[in-house]
Each structure stands twice: as C-alpha cells, then as structure tokens.
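Based on these hints, arrange chain B on the given structure of chain A.
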Amino acid sequence: MTEAVLAVLRRDLRLALRQGADSLMVVAFFVITVALFPFGVGPEPVVLERISAGVVWVTALLAAMLSLDRLFQTDYEDGSLDLLTLTPTPAMAIVIGKVAAHWLTTGLPLIVASPVLALLLHMRPEGYGVLVAAMALGTPTLSLIGAVGAALVLGARRGGVLLSLLVLPLYIPVLVFGVSAVDAAVMGLGFTAQLMILGAMLLGGLVLCPWAASAALRQAVE
Amino acid sequence: MHRYANPTRFLRIANAILPWSTGIMILAFGVGLAYALVFSPPDYQQSETVRIMYVHVPSAWMGLFVYTAMAIASAVALIWRHPVADLAAQCSAPVGAAFTFICLVTGSLWGKPMWGTWWVWDARLTSMLILLFLYLGYMALAGAFDDRQRGAKAAAVLALVGWVNIPIIKFSVDWWNTLHQPASVNPMGESGIAIDTAMLIPLLTMALAFKAYYVTTLLLGMRREIAAAKVRTLRMAAVHGA
Numbered sequence: 001m002t003e004a005v006l007a008v009l010r011r012d013l014r015l016a017l018r019q020g021a022d023s024l025m026v027v028a029f030f031v032i033t034v035a036l037f038p039f040g041v042g043p044e045p046v047v048l049e050r051i052s053a054g055v056v057w058v059t060a061l062l063a064a065m066l067s068l069d070r071l072f073q074t075d076y077e078d079g080s081l082d083l084l085t086l087t088p089t090p091a092m093a094i095v096i097g098k099v100a101a102h103w104l105t106t107g108l109p110l111i112v113a114s115p116v117l118a119l120l121l122h123m124r125p126e127g128y129g130v131l132v133a134a135m136a137l138g139t140p141t142l143s144l145i146g147a148v149g150a151a152l153v154l155g156a157r158r159g160g161v162l163l164s165l166l167v168l169p170l171y172i173p174v175l176v177f178g179v180s181a182v183d184a185a186v187m188g189l190g191f192t193a194q195l196m197i198l199g200a201m202l203l204g205g206l207v208l209c210p211w212a213a214s215a216a217l218r219q220a221v222e
Numbered sequence: 001m002h003r004y005a006n007p008t009r010f011l012r013i014a015n016a017i018l019p020w021s022t023g024i025m026i027l028a029f030g031v032g033l034a035y036a037l038v039f040s041p042p043d044y045q046q047s048e049t050v051r052i053m054y055v056h057v058p059s060a061w062m063g064l065f066v067y068t069a070m071a072i073a074s075a076v077a078l079i080w081r082h083p084v085a086d087l088a089a090q091c092s093a094p095v096g097a098a099f100t101f102i103c104l105v106t107g108s109l110w111g112k113p114m115w116g117t118w119w120v121w122d123a124r125l126t127s128m129l130i131l132l133f134l135y136l137g138y139m140a141l142a143g144a145f146d147d148r149q150r151g152a153k154a155a156a157v158l159a160l161v162g163w164v165n166i167p168i169i170k171f172s173v174d175w176w177n178t179l180h181q182p183a184s185v186n187p188m189g190e191s192g193i194a195i196d197t198a199m200l201i202p203l204l205t206m207a208l209a210f211k212a213y214y215v216t217t218l219l220l221g222m223r224r225e226i227a228a229a230k231v232r233t234l235r236m237a238a239v240h241g242a
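Keeping their order, the protein sequence lines are chains A and B. Its first residue numbered 1, the first sequence is counted upward by one per residue in UniProt numbering. Its first residue numbered 1, the second sequence is counted upward by one per residue in UniProt numbering.
Take the hints with a grain of salt, since some may be wrong.
[Stated by the list, open to error] Chain A side only, calculated, beta carbon under 10 angstroms to chain B, not exhaustive: (1) Gly-54; (2) Ile-145; (3) Leu-152; (4) Arg-158; (5) Ala-213.
[Claimed, not checked] Covered stretches of chain A, as calculated for chain B (at least 3 residues, CB under 8 angstroms): (6) 167 to 180; (7) 214 to 222.
No lab work stands behind these hints, which were simulated from the structure alone. Using N, Cα and C, we set each Cβ at its ideal position, and we do this for glycine too.
Pulled out of the complex, with its shape left as it was, chain A reads as follows (with noise of 0.2 angstroms):
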C-alpha cells in the first residue's frame, strides 16, 4: 500500500515537474486575483488591512479548486487511470498518492505565497505565522475534499463549472475558520481553538475523502 502511494506520488511530481508551468500557473492565479482587489476596493491601507485575511483565503481557494482537473481529468483522458485502476493497487493508494502529490504542488506553493500577498495586502505582522500555519494545516483538507469533487466529475459534460458547484460549499467551512483564525491573531486574540477545528477538518477528511474518492474513481472507470 505504502509503496503503491510512494508510485504514484512520485510519477505525479515527475509529470508535474517535466510538464512545468503548471504550478507556477496557479501561484500566478493567486497572485493576480489578490492584485485585484486594490484595484477594485481601492487602494486604502485601512480597507486592504481589513479584508486581506478573507481575500487571500477565498484567493487561495479558487486558486486550489481551478487546479483540481489535473488531479484525474488529463489520466482519465489518455487512459493511464484505467491502467492504475487494473493494477491490484487499491484505488484508495491512487487517491492518496495523487492527493498528496497535487497538494505538493499546489497547496505548498499557495503557503509559501500567501504571507508576501498579506504583506501587499497590508495585514498586520501579527498575522503571518496565524496564516502559514491555517493555510498549512487547511490546504491538505481542500486537496482531499477536492479529490471527491474531481473524481466524481470524471466523464460529465461541463465538467469543470460542474465541479464548483459541488467543492464550493464544501469548501465553505475551511474557510470561515481559516479566516477567523487570522483575524483573531491580527485582534491580539486566542487563535488555538481554530487552529484545533482546521487540524480536526484535516483528520476527518484524510479518512473520509480517500473512501469517497476511490468509490467514485472505481465507478468512473468501470
């Protein structure tokens, strides 16, 4: 099983790696719609200080669900998933090694971003760290979430708007604590209780989204 994963994973990185741009596409997402916002609110430091903890999130989850038909989409083209799945590698490695492996090149990249798109955004230097660590325990939860909405899309028309609607609403609850817990390091208050529900988020999902994915993989495929 373990080994399994490990495939996968690294054939995901390495497809990610020689094929390039594709995760540097979705930090430039992130980067350019934050830069948005200046534009459309205006640029006043107060306003900017405010919203900047939400926009950078609600960013950060656009930017992670634009990128999720990279996740099965383009194998279940070609024909590989079909190959993997007649593999006796349980669907569930496959899921957790291409979730692990989209999560490596897009969550990590949106982290590593977000705190300078804060800093543009002008939020407080209280709420950096507050923000890695939410993003950094959050972003897992949309790759698994949104593995779900990947695999079950696979094969229907419009696939792409379809998968919005159905990860969005999922998406909402990562958010709210993402962003309250953000805004109560910027107040000078305890953030450990958000941070607590995000990590609770992240072990519910790494146990149910596998399942739900691999059911809905092995449907896709059959």
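Leaving out everything else, chain B in the frame of chain A:
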C-alpha cells in the same frame, strides 16, 4: 430489502399508499392552514408576522429531513445496488431543494419586519444556503452524464459526502450564538417545548401536512420515473426490432 427492488411490487405498494398520503395531506393542510392563518393567536411581540413561522419552520425541518432521507436512500442504492432506492434519492432532491428554498424565502420575508433586513450572514441562514447549494449540486451531477446509471451513482456518493453538513446545520443555532433564535421545539433539550399549545398544534399539523406532501410527491415522482424507464425500454426494443 430486495423484495422492494422489484418495480412492479413497489408500484403496487405505492399505489396503496398514495390515496392515504394524499388524503392526510389535504386534511392536514386544510386544518393546519385554517389554524395557522386564522384561528391561532397572534404573538405578543411579533403580532401577525408569527404566522410565517407555520410555513417557515416545517419547511426548514423538511429541508433537513429530505436530505437525510436522500442520503439513506443513496447508501442503500450504493451498498445493495438497489434500483428503487436510486429513484427515491433522485426524486427526493427537487422536493428537498424546494423546501429549503421556501424556508429561505419565508425567513427572509419574516426577517424584514422583525430584524429590519432581508438577509444576514448568520450561521443558520448561511448553513441553509449551503444546503440549497448541496441540493443543486446533487441534481446537476445526477443529470450531467450521458449514462444515467453513472449519474445516479456519482450523485449517491455526493449525497453521502454532503450529509456531513446536516448535523452542522441542525446545531448551528446552538453552537454559534447569532441572530437566529435557537429551536423552540426541542423535547430532548433543557429548554423543552418553549412554545404555547395554541401555536404548537397548528405547527405540528403543518409539519404533518408537509411530510404527507413529501411522501405524495415522492411516490408520484418515482411512479413517473418507472413509467419513463418502461417507455425508454419499449422504444429501444422497437428501434432494435425494426
């Protein structure tokens, strides 16, 4: 369980239940609406606007209840590959979405005179809105595949995943102390039933009417789907036979 997987047997049972559920629905709506709109007393604070509650609260209950029913039917469909359970889940979704929508609209109409605003981003309101999106996502996914079987199965997995949100919606007013008042009808909680009998009886009658309405539309919907499947099979046979 498998006894009821046979559509013919299911149709026989459905046809036996339908007159009863329709009768209960008409009776309960007649009595409930008369009491709710005319005979029940106005509230001492909310005056006549309290009458919105008799539609709002049962539709909120049904919004949650139908999703749970849908999740159970989906689980049965996935585990035992039960074709009638698949139909039950798919025919429940539009009804549940309609209940959730009615709940949001009536809540909004009540909120304007009472809270002074059509909408607040309060925990209960937001979670009901998410429930509506879950229903819409379910219906969109079920209809997005050329192969109906595949759509049904994918939607069943989604219904189970989305069910995680139901306890959050149910207890949102207790966990987050926001604008929406906590539940007044809670036999197990410490507050008990904090609503006068003169209002409780029409409320429960309306709840019964809503439930009978759900059963009736569900059975009618499933009957329609079974008939549609038969028509499809006959058409295919005609095409291949010719």
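message: Checking hints one by one. Is A:Ile-145 an interface residue toward chain B, by the C-beta closer than 10 angstroms rule?
response: Constraint on A:Ile-145 satisfied, holds at 8 angstroms.
message: For the region 214 to 222 of chain A, count the residues whose Cβ lies under 8 angstroms from any Cβ of chain B; is that count three or more?
response: Coverage by chain B holds for the region 214 to 222 of chain A (5 residues, Cβ < 8 angstroms).
message: Please verify the coverage claim for the region 167 to 180 of chain A: does it have three or more residues whose C-beta sits within 8 angstroms of some C-beta in chain B?
response: Check passed, 5 qualifying residues.
Interface hint outcome for A:Gly-54 [beta carbon to chain B under 10 angstroms]: A:Gly-54 check fails; min Cβ-Cβ to chain B is 12 angstroms, beyond 10 angstroms.
query: With 10 angstroms as the cut and Cβ atoms as the points, is A:Ala-213 at the interface with chain B?
result: holds, 9 angstroms
message: Next item in the hint list is A:Arg-158. Is there a CB on chain B closer than 10 angstroms to its CB?
response: Holds. Min distance 7 angstroms.
Evaluation of the interface hint that places A:Leu-152 against chain B, nearest CB under 10 angstroms: holds, 5 angstroms
Hint check: a violation occurs at hint 1 only; the rest are consistent with the structure.
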